[in-house]
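Student: Residues per chain are reported as follows:
Number of protein chains: 4
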Amino acid sequence: MASSALIDDLVAANRILDQQGIVDGFGHVSVRHHADLARFLLARSMAPGLVTADDIMEFDLDGNPLDPRGRAAYVERFIHSEIYKARPEVMAVVHSHSPSIIPFGATPVPLRPIYHMSSFLGAGVPVFEIRDAGGPATDMLIRNPELGAALARRLGSAAVALMRGHGDVVVGGSIQEVVFRAIYTEINAKLQAEALRLGEGRVNYLNAEEAANATETNRRVFARPWDLWKRQAADRR
Amino acid sequence: MASSALIDDLVAANRILDQQGIVDGFGHVSVRHHADLARFLLARSMAPGLVTADDIMEFDLDGNPLDPRGRAAYVERFIHSEIYKARPEVMAVVHSHSPSIIPFGATPVPLRPIYHMSSFLGAGVPVFEIRDAGGPATDMLIRNPELGAALARRLGSAAVALMRGHGDVVVGGSIQEVVFRAIYTEINAKLQAEALRLGEGRVNYLNAEEAANATETNRRVFARPWDLWKRQAADRR
Amino acid sequence: MASSALIDDLVAANRILDQQGIVDGFGHVSVRHHADLARFLLARSMAPGLVTADDIMEFDLDGNPLDPRGRAAYVERFIHSEIYKARPEVMAVVHSHSPSIIPFGATPVPLRPIYHMSSFLGAGVPVFEIRDAGGPATDMLIRNPELGAALARRLGSAAVALMRGHGDVVVGGSIQEVVFRAIYTEINAKLQAEALRLGEGRVNYLNAEEAANATETNRRVFARPWDLWKRQAADRR
Amino acid sequence: MASSALIDDLVAANRILDQQGIVDGFGHVSVRHHADLARFLLARSMAPGLVTADDIMEFDLDGNPLDPRGRAAYVERFIHSEIYKARPEVMAVVHSHSPSIIPFGATPVPLRPIYHMSSFLGAGVPVFEIRDAGGPATDMLIRNPELGAALARRLGSAAVALMRGHGDVVVGGSIQEVVFRAIYTEINAKLQAEALRLGEGRVNYLNAEEAANATETNRRVFARPWDLWKRQAADRR
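Residue numbers (this note's numbering), protein chains in the order written: chain H, 9 to 245; chain R, 9 to 245; chain A, 9 to 245; chain S, 9 to 245.
Calculated directly from the structure, the hints in this document are not laboratory data. Check each hint, because a few of them may be wrong.
Calculated pairs, EDC-like style, for lysine to aspartate or glutamate (alpha carbon to alpha carbon, straight line, at most 20 angstroms) [what the hints assert, rightly or not]: (1) H:K198 / R:D243; (2) A:K238 / S:D243; (3) A:K238 / R:E208; (4) H:K238 / R:E208; (5) H:K238 / S:E224; (6) S:K198 / H:E208; (7) S:K238 / H:D243; (8) R:K238 / H:E208; (9) A:K238 / A:D70; (10) R:K198 / A:D243; (11) R:K238 / A:D16.
Predicted, not measured: the structure shown is a model, and the values here were computed from it.
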């Protein structure tokens, strides 16, 4: 059994991502099991903003539910299972249709870090083209382990990968980190698009060292926005 | 009499479309009568965000109210009646001034599906020019059956038609589907406009097969956002 | 004494304009006295969103308060007094720094009606340049009857005038009409700017007859959004 | 001890800046001590939206906490201490990642006053490039007195300085003034970017005299929006 503290954090993450506009009726967030690294926790197939502790299911790294009890699993759970398989250090994964990143997935413009809060983008943001792995006639979903593995390969060692015509996937070393990254990826996309228009393409991004150093610094302050986001999500209910 | 479940869903649709910013004081949503396909249900002339079960009226396919009881009907009810006449498989219709679609109706730029949630746009989005059917001096409203029929012809077999200088009309196979489509049409318009600016016109849309397949897939998940939207609309009151 | 119904409507107008984002801490709305056309009602100098019935003062058409009782008057009350003097048919006036119209006041791009809700813009929207009447070193405020008269002359017979580097003034035949116009002026500005970018300047506006006809039609439906806006403003408190 | 009235205002400023979207989990606001000009008050290291009176700490002008009682200080408190040292007339300071100003910090486009509410920008808005003072490999933070002093020098006598890839710093003669300026700096950035696109670069800004005069006038009305913002921040809780 997963600890109730971990489940509570995962429920909070669902609510926060909903309240912050990263997910809507769709999207999901998972966490690797603290006591069994070959398992992960993910809500049953439902809108993240409505998730409670009873909705959290356990899966193995092939995406099989271990305790379904009649609960339906997300079709796209293989996004999570294949990334946990490929990236041992990843402890949490968000998949969303975060609005401001959709245009970056559909155009040749790379997502780059415009300020220190989104410095984790400095290592590069690959774009996953499902046509490469699934051909020209998919329904756009990562609906089997093969597509999940292809997405994990495209992600490589990055923190974020965009999915053309679909959304993105964000990974982190904890629930707090992945939520932080999902939110600041959205904000960066919005502000970078604005800066590109304002400066007619001349934008001064963080350089590689600034990005790496700021990412290290930010690791020490995840609790600060987390407390605020939790309160905001709780207030809305 | 329409079933109270259908009326409850129609009231919920009014509230959801208001809460999601698809309608404001204006706009309306209807559903075909479940037991008599030659009738449809639509609120009396009022702001959708204030509609209750007592405000729901029944109309025939010529737009005549069957149970007015002193309640005023929307001037533009012919949008609904003529589409139900022309499209037997359509079970629900939304007309709105959804903000992000207004610019697409007033410019030559076609609305196209930028991600899988709005894949139903893949079959094409015609623009209705009221001057073609009503001449150069209308008040822009679909205020008689003839204009309604002209709009239905322009819609053809599409899911959405834009109305120049006015708004749009969205159709679906159920209340849940038409609400889903109205909301994701708005989001698509916003994100497509952003992508066109970001990519300076180079945007990679869903292809025809992706759009058709994703539309089929989405039909199985309408309940997921519907539950969330209902809760959000209820919370706001 | 003004009737309590008129005062209640003026208080509601203050709250609605605040809740809809037309005014912030600044801006004001007035109504001509129903029983004495040479008087008008306007809140004391304060944020519109906090106005109650006790804050409503009476002024003559020179902008003199008739019942100050220690209450401070807005410095810019001459916007109202001079327009009521120049336009006998005007019964209500809004002055605001409505965000989306600021760019139109500061650039040579004319505000034009992109859809039927803002058809009242079809008669043209003049821009008031305070340097013409007040010279190059004002503090931008309409702080005396002379500047108010110059603004009223620039407004002419229009429904709306933009004020460069400042905001706008909107007039109507009732409180309901002026609130309707203030809100749809803001929305039109936002959507027109978006359409100009999307269409790279090619935007199909309402023509003069469509604008005139839609304006006439809209006069019959002011109550519909008013009821909604009142409820939304009341819910927020 | 600082007076409870000053502490209450500082707590209100934290909540207002959060509610108005100027700060998120990050950012801070300080006030100079009313009875000892060589001290200032600033919350402990936490999200501004959660600050209460118990979280307010006192610092000297070298950024040393005088009453830590186990409370952690913001790493970037030297933004405040060095500005108070360099600018005796400054009584309050805001540092934020205010979203609309980020693009101006990352491009060569200068921030200029588009309307009278942001007239305090008329004296010019310098951009602080941390690479000039800290080299090419900082973590972007003002984490020591030397970087704080460099930022204060770049600010010079201005009301606002942008920080490339980071945010801005805003100063004022009181808590009310600095909050007013932080909010209208954000709004100006948003509206100026919009005007530059709309007018394709042709924007008519306030001239120097208009800006100076409007700034003087605005000093007399800080209480008006403050009362509103306080109520809005209180309502949200």
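Student: Each of the hints needs a verdict: does it hold here or not?
Tutor: These are the hints, each one checked on the structure:
1. H:K198 / R:D243: violated, 28 angstroms
2. A:K238 / S:D243: holds, 18 angstroms
3. A:K238 / R:E208: Outside the cut-off at roughly 42 angstroms; violated.
4. H:K238 / R:E208: Violated. K238 (chain H) to E208 (chain R) sits at ~38 angstroms, over the 20 angstroms cutoff.
5. H:K238 / S:E224: Not OK: K238 (chain H) and E224 (chain S) at ~41 angstroms, beyond 20 angstroms, violated.
6. S:K198 / H:E208: holds, 16 angstroms
7. S:K238 / H:D243: holds, 18 angstroms
8. R:K238 / H:E208: violated, 42 angstroms
9. A:K238 / A:D70: violated, 31 angstroms
10. R:K198 / A:D243: Given that 20 angstroms is the threshold and the Cα spacing comes to 28 angstroms, the pair is violated.
11. R:K238 / A:D16: Given that 20 angstroms is the threshold and the Cα spacing comes to 33 angstroms, the pair is violated.
Comparing the model with each earlier hint shows violations of hints 1, 3, 4, 5, 8, 9, 10 and 11; every other hint is respected.
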